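Single-letter residue listing:
There are 2 protein chains.
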Amino acid sequence: MLDSFFKPRSVAVIGASQTPGKLGYSVVYNLKEGGYQGDIYPINPKADEILGLTVYASVLDVPGPIDLAVVVIPYQFVPGALEECGQKGVPAVVIITAGFREAGRDGVERENELIAIADRYNIRLIGPNCLGVIDTSTPLNASFATGMPPAGPIDFMSQSGALGTAVLDIALAGRIGFSKFVSLGNKADVSEIDLLEAWAEDPNSRVILMYIEGLPDGQRFIEVAREITRKKPVIAIKSGVTQSGSRAVSSHTGSLAGSEAAYQAGLRQGGVIRATTMEELFDFALAFGYQPLIKGNRVGIVTNAGGPGILATDALERAGMEIAHLGREAVDALVAYLPSAASAANPVDVLGDAKADRYKEAMRLVLADPNVDGLLVILTPQAMTEIEETATAVAEIAQGGEKPVLACFMGEARVEAGAQILREQGVPTYMFPERAAASLAAMDSYRRERERPLFSPEPCTECIPAVRELFDQVRADGRVTIGDAEAWGVLKAYGFTVPESRLATSVDEAVSIAEEIGYPVVLKIASPDILHKTDVGGVRINLRSATDVRDAFDLIVYRAEKYMPDARIWGCQVQQMVPGGREILLGMSRDPQFGPLVAFGLGGIYVEVLKDVAFRIAPFSRQEADEMIREIRSYRLLEGVRGEPPADHEAMVDALMRISRLVTDFPEIVELDINPLMVFENGNGTMAIDMRLVLAS
Amino acid sequence: MLDSFFKPRSVAVIGASQTPGKLGYSVVYNLKEGGYQGDIYPINPKADEILGLTVYASVLDVPGPIDLAVVVIPYQFVPGALEECGQKGVPAVVIITAGFREAGRDGVERENELIAIADRYNIRLIGPNCLGVIDTSTPLNASFATGMPPAGPIDFMSQSGALGTAVLDIALAGRIGFSKFVSLGNKADVSEIDLLEAWAEDPNSRVILMYIEGLPDGQRFIEVAREITRKKPVIAIKSGVTQSGSRAVSSHTGSLAGSEAAYQAGLRQGGVIRATTMEELFDFALAFGYQPLIKGNRVGIVTNAGGPGILATDALERAGMEIAHLGREAVDALVAYLPSAASAANPVDVLGDAKADRYKEAMRLVLADPNVDGLLVILTPQAMTEIEETATAVAEIAQGGEKPVLACFMGEARVEAGAQILREQGVPTYMFPERAAASLAAMDSYRRERERPLFSPEPCTECIPAVRELFDQVRADGRVTIGDAEAWGVLKAYGFTVPESRLATSVDEAVSIAEEIGYPVVLKIASPDILHKTDVGGVRINLRSATDVRDAFDLIVYRAEKYMPDARIWGCQVQQMVPGGREILLGMSRDPQFGPLVAFGLGGIYVEVLKDVAFRIAPFSRQEADEMIREIRSYRLLEGVRGEPPADHEAMVDALMRISRLVTDFPEIVELDINPLMVFENGNGTMAIDMRLVLAS
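Residue numbers (our numbering), protein chains in the order written: chain B, 1 to 697; chain Z, 1 to 697.
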């Protein structure tokens, strides 16, 4: 899939130029300089030869087949060129040219025209408005970037071409190497989802990096990423997080930035590791790309100085990692080997006068300890320190092992030679210990995510018909909002328990229903036209006798008729009084990118005032539902404080799973709030008291 | 003050060596190579000449005066050498030698011996167990570090020598320059407080950096820092934050790490900017050291690419900065000047083909806008980008201005030449936009802190005598715990309102007190021996008549006598029923480093379960008390939600100020809890319901 972009047998450059400095020259130059071994066909009606290559006036004039065309002509000529590519049978086209969707309304039309042509000829497109495509193993540099990055185990896709140039410039300095690099541009056709699918199978990469501004098909992204991240780690940075940031996105590429909560949930549910800064993106990429995955969270530290060891310890613990408790064997061996002033406990301090041999033996002992899952080696350039020899020792220790080794060679002028050796030998090194610590923590977090059970959502086929019928009825009625008893119908269909409740159209009927349900009961006005019942005095609770019920019925109906003379009054709903419990809010709103964003929180001030809410995109797994509940800050209150019994956790998970199914089975549900869902103590389940649901109009 | 360390007219090196690689050689070499112009006296009984300098057997043999001695001999000979320094009249000594406090109990004794000698002769000591001292303006390199760092506007002190070597190695690569550098070692005499005081007056520095492992005299540190940070920014990184981190500290230097909450509060109250990573420490240092302070939080961004502009926007907003809304004049000028596809709104996108001239004009216009407080220039190395010319343009624009300009030249291989120009011209540049954004935010945060009103705590002289008397009484009674009515005595002395309450020793007395106070009342058992009154049924609330009071009195006393036969029973406390309000917890515990750590939180689950508490070290200012209240997550609840009136904010500030005075006036108070403090609605004040106070035994 997409192989023609990365392993083409021949490449045409439409708009090739003889003039250095022009993009059409740079692309041809890069193909040649990058060592591409296939045929290169410069296309330009006004030239004969470019960089020693024969030039053709059109792709149609090229004698052999063309696997990939790179387009760098002005935008008004692109449709014609694409048309010719179609006629020629070119399967893959990279359009570098700008002036499309990002350039306003006319641009959108121009881009749609390209899409139509590509569809007609079955051409796959990358771009327009992009930097191009690089594959270091082919090797292929079909971009106008400066220089070919070094090869390495990392695939990178960027929605911003300029950011791509910066990333490649960092790679050129030798800090990182790439397998494949794609600047996605406007994503008229090939999207990050297509690349993820293709790169999951890239034998030359161990990690995929993404710079994302928007993900138009969030649901599909989650599905695909969920699969792929089990095989290969994916690290993403998402820009446009804050309000102004989002504004900047929409003026930049016209892509709609989804709400931060939805991206947060969606990336996480896709198993994607989220970097919060560009630096983290690189830091994590080095760790994942060059070292084996960590198998636990226990880190051994070997250092020649106390201070940096403490900084590393702080950073590791802050990130949820553990400072390994070294086993007896390792400690004894370290004590025997190290000078007496050294610390044989983790962090292992080999002292300021440690030379490479002492470092090496200490690292060997720590790494061999079964209580250690990964190693962080810290070096400060002290008077006696053998920087290069120690770097070589670190590389030797790391070589072929099953535990990751990261280094922190602190400094720059003197330590650079050592850092260089480490980079060449595939041991990531960081200038400061906190960055190495964060990278180890990212690996561990990925490992845990990957261990989740597989999850395939299933519709609730037996629940659907009843709800379908109810929705049809509501729509036939010209309404889109559902509440009250109607809402209970929906909830019951999906297995929720709701208060026992029936419609009474007269006082006598109300009393007889109340006697059947059992006192105390609640009476509520029943009217499709009265949404805020309490505002018109339409609710009376804790009615304990027939007299109470009679009084309440008459009073409620009298008031409703008086204050809402135009409302249709069906009577009163007689409802079971619900026993005490904790109030939960379950909600859903539909995110434009990701679809159903489900919210969970403790009712009342916790949600409304303290904004203590957890989100996931539906459909989600039981485990995700479970995590969602534990994620709120006030979770301790659900566990039971001050002698209260714990709330029924499994029943809350069940409730979330039912909502997940309901909103997945019925994409026409635009919004939904169960408020409150009463949660009783452990074993006693939940009861949905009230729900409001809005259908797409 | 401490001038002899930094501007000595002559330096003796005690333990000077002829052997390259030895510390005693490195120090002499560094003095010479570092360009020191004063007299250098190598001291070594077994040598004649070192690096062309005449060697003396003892400082006593040196003909001229010695301002500074650097000691590098083995620890057993240090006391003798120090003794001789005293006899010679040397005012300042740096002891590099290790083997003191950090080396266990014997080491502590050895260090105490040094302190005694220094005291006797009025010698100031830096170290022992340190790297030495550097002053680039003297110039003086009295350390065994490798090489002399470039001069620059930054003073650096480090409690870790090894970390110092790393920092100097980074400086040697040209990333940062120093005015003064001190490795503090064990801080036998000169502490970070002494250096802060000295460096506040350093005309060559604009910012002070600290690497802290422990601050033994936290109270004094706050006092000194509070003054100094008004004149010069101080940036600190504190290690040993987490639990394991703290363990590592105590095994490292034997210094006691205070609780994280106390450091957090103490550094903040001292006006110190806290860096969370080493990288931040450097990033912030560059911004503060090389650029003028930002005067507001509105940042202009000029970029040649959308993506990085969004990343910067995200990072700035996350850090509480604003993306400046450019004024009409600037926007009009930008629109007129820039190509039509460019964005004249902030972030200003000068487009990928921008050359240096376009950058320069855009920067000029943005920086001239009165709506802009600082500028962030972002460059990605695109095909047409003039990296070096743009760097020069940035430097020219920044030159001599009153608004800070930071750069983010993204990349490495190609952009390094531009970054080099920026560094040379004093414009800090960062590889990624998030780091530049965080640095601008740090400047703004410092500016706001510095604008706080001055604060000098005053004892409550009129409150003291009553409390002093009460404490004496309690101690005479053989007790250290105070509660109940006694506690109210303390609270009332400091101006708290407490419930009206009197001791009744008989039923009749109880009734007559109740009639005076007015019903309803509360009765509580009065006994110095019963701490948990409710456990023995010793509290009855809401008593509404004489009968209620009689019944309650008899019942309470009967039960107390039955369940606590040994307790002294004084009778019952008859107490006013307190009207409803919100419950607050005010607490204090004494931190070993910083002293009285005062806590504020909403009572009940908010403190106990959700740990939603704000801390400050007493004494604090009204403004700090105000901030403390606003800092808790549940503050919105105090503002009034769901139609509640707001709680009396000023009264809460008053309450905090009273506690601040009380615990400052009486250092013997070890612990204190007012729980609850009832806060009534705005204008109605607070009432302290219950307090427990523990005196030092």
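Treat the hints with care, since some could be wrong.
Said to hold, decoys possible - In silico lysine-lysine, BS3-like type, Cα no more than 30 Å apart, as pairs:
#, chain 1, residue 1, chain 2, residue 2
1, Z, Lys295, B, Lys46
2, B, Lys88, B, Lys32
3, Z, Lys355, B, Lys32
4, B, Lys22, Z, Lys611
5, B, Lys360, Z, Lys355
6, Z, Lys22, B, Lys355
7, Z, Lys7, Z, Lys88
8, B, Lys355, Z, Lys46
9, B, Lys295, B, Lys7
10, Z, Lys611, B, Lys611
11, Z, Lys7, B, Lys355
12, Z, Lys46, B, Lys22
Said to hold, decoys possible - Pulled a few chain B residues facing chain Z out of the computed Cβ check, cut under 7 Å:
#, residue
13, Ala162
14, Asp314
15, Gln382
16, Glu412
17, Ala567
Please keep in mind that the hints were generated in silico from the structure rather than gathered at the bench.
Note that the coordinates shown come from a computational prediction; the quantities given were computed from them, not determined experimentally.
Backbone N, C-alpha and C define an ideal beta-carbon position, used for all residues, glycine too.
Review point. Does the CB of B/Gln382 sit less than 7 Å away from some CB of chain Z?
Key: holds (5 Å)
Review point. Under the criterion that the straight-line Cα-Cα distance not exceed 30 Å, is the pair Z/Lys46, B/Lys22 satisfied?
Key: Given that 30 Å is the threshold and the Cα spacing comes to 72 Å, the pair is violated.
Practice item. Would you mind confirming whether the straight-line C-alpha gap from Z/Lys355 to B/Lys32 stays at or under 30 Å? Key: Since the Cα atoms of Z/Lys355 and B/Lys32 sit roughly 27 Å apart, the hinted pair holds (cutoff 30 Å).
Check your understanding: Are the Cα positions of B/Lys355 and Z/Lys46 separated by 30 Å at most?
Key -> holds (29 Å)
Check your understanding: Taking only the CA atoms, is the gap from Z/Lys611 to B/Lys611 under or equal to 30 Å?
Key -> Satisfied, since the Cα-Cα distance of roughly 16 Å is no more than 30 Å.
Review point. Within a Cα-Cα threshold of 30 Å, do Z/Lys7 and Z/Lys88 meet the stated pairing?
Key: holds (19 Å)
Check your understanding: Within 30 Å, alpha carbon to alpha carbon, are B/Lys295 and B/Lys7?
Key -> violated (35 Å)
Exercise for review: May I ask you to test the interface hint for B/Asp314 with respect to chain Z, counting a Cβ-Cβ separation under 7 Å as satisfied?
Suggested key: holds (4 Å)
Practice item. Take a quick look at whether Z/Lys7 and B/Lys355 sit within 30 Å of each other, Cα to Cα. Key: violated (35 Å)
Practice item. Under 7 Å, Cβ to Cβ, is where B/Ala162 needs to be relative to chain Z, so tell me if that hint holds or is violated. Key: Where the cut-off is 7 Å and the nearest Cβ of chain Z is about 3 Å from B/Ala162, the hint holds.
Review point. Can the restraint linking B/Lys88 and B/Lys32 be considered satisfied, given a maximum Cα separation of 30 Å?
Key: holds (23 Å)
Review point. Does the alpha-carbon distance linking Z/Lys22 and B/Lys355 stay inside the 30 Å limit?
Key: holds (15 Å)
Checked against the numbered hints given earlier, the structure breaks hints 1, 4, 5, 9, 11, 12, 17 and satisfies all the rest.
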